[in-house]
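One-letter residues, chain by chain:
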Amino acid sequence: MPHGIGAKLRMFASLVAALVCVPGLAAAQTSSMFSNLANPAIGMNALFAAQAAHNLEQPYGLQFDEAEISLISVVDPYWTFSSNIVFLSDGSVDPEEIWVRSLNIPGVQLKLGKIRGTFGKHGLLHTHAFPFVQAPIVMANTIGNEGFKDAGLEAAWLTPLPWFSELTGGIYQGIGTDEDHPLDFGSTRHDNVPYLGHFKNQFDLNDATTLELGQSILTGHGADGRQHAAIGANLTIRNVPPSNSNRRGWILQSEYIQKGSSSGGNYAREQDGGYASFQYRLSQVWWTGVRGEQARKSVTDFLVDQAGDPIPGKVNRVSANIAWMPSEFSFLRLEYSHSQADAGNGLKPNDDRLMLQMSYTIGYHPAHAY
Amino acid sequence: MKSLIRCMLLLMVGVLAAAPAHADLKVATSLSDLASVAQFVGGKHVSAQSLSKGYQDPHFVPAKPSLMKAIQHADVFVSVGLELDAGWLPLVLPGSRNPKIQPGAKGFVDASEGVNVLEKPAGTVSRAEGDIHPYGNPHYYADPKNLEVVANHLAQVFSKLDPANAADYAEHAKEFGEKMEASLAKWERQMAPYKGASVVTYHKNFVYFADRFGLKLFGTVEPKPGIPPTPRHLAELAAAMKQAGVKVVLYQPYYSADASRQLASKAGGVAVCIATEAGGLPGTDDVFSKFDTLVSSVAGALPGKSGGAQ
Numbered sequence: 012m013p014h015g016i017g018a019k020l021r022m023f024a025s026l027v028a029a030l031v032c033v034p035g036l037a038a039a040q041t042s043s044m045f046s047n048l049a050n051p052a053i054g055m056n057a058l059f060a061a062q063a064a065h066n067l068e069q070p071y072g073l074q075f076d077e078a079e080i081s082l083i084s085v086v087d088p089y090w091t092f093s094s095n096i097v098f099l100s101d102g103s104v105d106p107e108e109i110w111v112r113s114l115n116i117p118g119v120q121l122k123l124g125k126i127r128g129t130f131g132k133h134g135l136l137h138t139h140a141f142p143f144v145q146a147p148i149v150m151a152n153t154i155g156n157e158g159f160k161d162a163g164l165e166a167a168w169l170t171p172l173p174w175f176s177e178l179t180g181g182i183y184q185g186i187g188t189d190e191d192h193p194l195d196f197g198s199t200r201h202d203n204v205p206y207l208g209h210f211k212n213q214f215d216l217n218d219a220t221t222l223e224l225g226q227s228i229l230t231g232h233g234a235d236g237r238q239h240a241a242i243g244a245n246l247t248i249r250n251v252p253p254s255n256s257n258r259r260g261w262i263l264q265s266e267y268i269q270k271g272s273s274s275g276g277n278y279a280r281e282q283d284g285g286y287a288s289f290q291y292r293l294s295q296v297w298w299t300g301v302r303g304e305q306a307r308k309s310v311t312d313f314l315v316d317q318a319g320d321p322i323p324g325k326v327n328r329v330s331a332n333i334a335w336m337p338s339e340f341s342f343l344r345l346e347y348s349h350s351q352a353d354a355g356n357g358l359k360p361n362d363d364r365l366m367l368q369m370s371y372t373i374g375y376h377p378a379h380a381y
Numbered sequence: 208m209k210s211l212i213r214c215m216l217l218l219m220v221g222v223l224a225a226a227p228a229h230a231d232l233k234v235a236t237s238l239s240d241l242a243s244v245a246q247f248v249g250g251k252h253v254s255a256q257s258l259s260k261g262y263q264d265p266h267f268v269p270a271k272p273s274l275m276k277a278i279q280h281a282d283v284f285v286s287v288g289l290e291l292d293a294g295w296l297p298l299v300l301p302g303s304r305n306p307k308i309q310p311g312a313k314g315f316v317d318a319s320e321g322v323n324v325l326e327k328p329a330g331t332v333s334r335a336e337g338d339i340h341p342y343g344n345p346h347y348y349a350d351p352k353n354l355e356v357v358a359n360h361l362a363q364v365f366s367k368l369d370p371a372n373a374a375d376y377a378e379h380a381k382e383f384g385e386k387m388e389a390s391l392a393k394w395e396r397q398m399a400p401y402k403g404a405s406v407v408t409y410h411k412n413f414v415y416f417a418d419r420f421g422l423k424l425f426g427t428v429e430p431k432p433g434i435p436p437t438p439r440h441l442a443e444l445a446a447a448m449k450q451a452g453v454k455v456v457l458y459q460p461y462y463s464a465d466a467s468r469q470l471a472s473k474a475g476g477v478a479v480c481i482a483t484e485a486g487g488l489p490g491t492d493d494v495f496s497k498f499d500t501l502v503s504s505v506a507g508a509l510p511g512k513s514g515g516a517q
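Chains A and B supply the protein sequences, listed in that same order. Per this note's numbering, residue 12 is the first one in the first sequence, and the count goes up by one each step. Per this note's numbering, residue 208 is the first one in the second sequence, and the count goes up by one each step.
Please keep in mind that the hints were generated in silico from the structure rather than gathered at the bench. Being a predicted model, the structure only gives us computed values, none of them experimental. Treat the hints loosely; a few may be bogus.
To be clear about the criterion: a stretch of chain B counts as covered by chain A if any three or more of its residues have a C-beta under 8 Å from a C-beta of chain A, and this derived list gives those stretches [claimed, not checked]:
(1) 234-248
(2) 366-380
(3) 428-436
(4) 455-464
Listing some non-contacts, in silico: residues in chain A with all C-beta distances to chain B over 12 Å [stated by the list, open to error]:
(5) 88
(6) 141
(7) 187
Quick reminder that beta carbons are idealized off the backbone N, C-alpha and C, glycines included.
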């Protein structure tokens, strides 16, 4: 064999050997340096809606509401990490919830971070878990359309009482008012540490039916020097027949929330209101519901002056909906609402609107609270 | 006065005698079968309770706060594993505020460990196939042999947590295995004439039973796991059943009897309600009576049906 050909064959053999070995090396590096075994559970939900509302100056048609990405994982033996990051239709991103939880103290759950304060019942729900397309009007006028969200620390103690009895206490960062925070906690006083108390009791009336009672208070100092507060009470009776848990059931729920402020011992009630709703499960894939509500001294999107600025008034609204849930991971909901408002100055507009909402979820999605 | 004191003493003795014996380990489970096995293995040293009833769909147990309260002081929690209880356990376990039974703690048990899991998806998992379980079919408790694996596993866990009674746990697990083997021999004799027979089930939760006793699964009332049956699917399945001579539809008490009966009626067969979880039907209080009833129900439905005895 001539020397030149032998050298070429050796080079060719080396090249083949290298090509065979490279994927193995790459795989070894991937598995040792860039393991994805401890990656968090990832899920995403997207909400779309179409709305026909004659009072609003906006075109009818389909719109993107929001998308929420959730990441959940265990940090170490002491903490579990949970986050919900929301992408809104205007292009902004809201780190809605980013918190860690510890269960290392027996009887106590500790949450730390940007949390959804444990106030009331509706305020604990993510948007895609709302039982109706629109949140009750009282929410946006008292603690926030999607509840009270702020950085803080919460401890929830399961008391030794023989039934489920939970006492929650929390402290939060003092922040001023904005679209998401109707409560003014914007005082710069060093001792301005808004705090929350929540007491929840749940009783099993029988195998199928439960009764839940909740009371909440949230208070802090405002930029105006007054002490601002919200108080609330909620009652829920829920029926889930054990042998039909995926096909039948109903939920009767009501809640009252009041917002106010005080100075020098004089308390002034500001916005308040409540709702009562009834949801009925017709089958595995069909739900229907009705809700009646009232909000006083409250603003809403169709109660505006001639310049288009919102003005407060009393608003009554009834809503009815029907939802089709072909699986646990998507639903289509049709909802109608009729509202009557009274601004007290002769302005008494009515509002009717028809909404269609679609929700889609992929990946891991934690179960919703009972 | 003396008689009053005597009465009070007697009353106190009575109350003390009536009080339940102290158990060394409080065990809670997500499935009634697991509580039944845990009680057998634990004997007097254990008090076991299941968070779900046998007539409840184990996929969809409402995560009631009372369940959290029920396990607040549990020493051991036994999960079915393979994500059968993933829809509610992630709420109930943290809600208990009990650090002893959280995943990763000594008191948390995944009962599926060591079980030969069937129907593990190959390749990509997609929900286009319905609500499938990515780690394999989680209804392994429908095979008596798998409960022997669970019993041995629980004996090991109980022994670690309560070493003083380790010998009893090992002995009970051995007794459980022996009793299950003897019962299995009886059930296999009952089912032997129907080897190769085809049945339709509501959900894909009969795979392990069919595998153990040599039955064929012809189809399911659900078109895909977790998806409710449509009239079109039922009509197509009924036509296929008629053509193949399959006349038995099996459904659990928590599934729609109407859809199962409608299908059976269209196919000219029978729909039979069965308990695959202990407590699902009267007389199925523990895993042995559950299998007694289950085998009798299935064997009783198959004779005389075309597609039945081969």
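Going through the hints against the structure:
By the rule of at least three residues with a Cβ nearer than 8 Å to a Cβ of chain A, the coverage given for the segment 234-248 of chain B is violated, with 0 such residues. Coverage of the segment 366-380 of chain B by chain A is violated. Counting CB-CB distances below 8 Å, 0 residues qualify, and the rule asks for three or more. Given as covered by chain A, the segment 428-436 of chain B passes the check, having 3 residues with a CB less than 8 Å from a CB of that chain where 3 are the minimum. Remark: the segment 455-464 of chain B is confirmed as covered by chain A, as 3 of its residues place a Cβ nearer than 8 Å to a Cβ of that chain, reaching the required three.
Not every Cβ of chain B is farther than 12 Å from the Cβ of residue 88 of chain A; the closest lies at roughly 7 Å, contradicting the non-interface assignment. Distance to chain B confirms residue 141 of chain A as a non-interface residue, since its nearest Cβ pair spans about 19 Å, more than 12 Å. Remark: the non-interface label on residue 187 of chain A is consistent with the geometry, its nearest Cβ contact in chain B lying 33 Å away (cut-off 12 Å).
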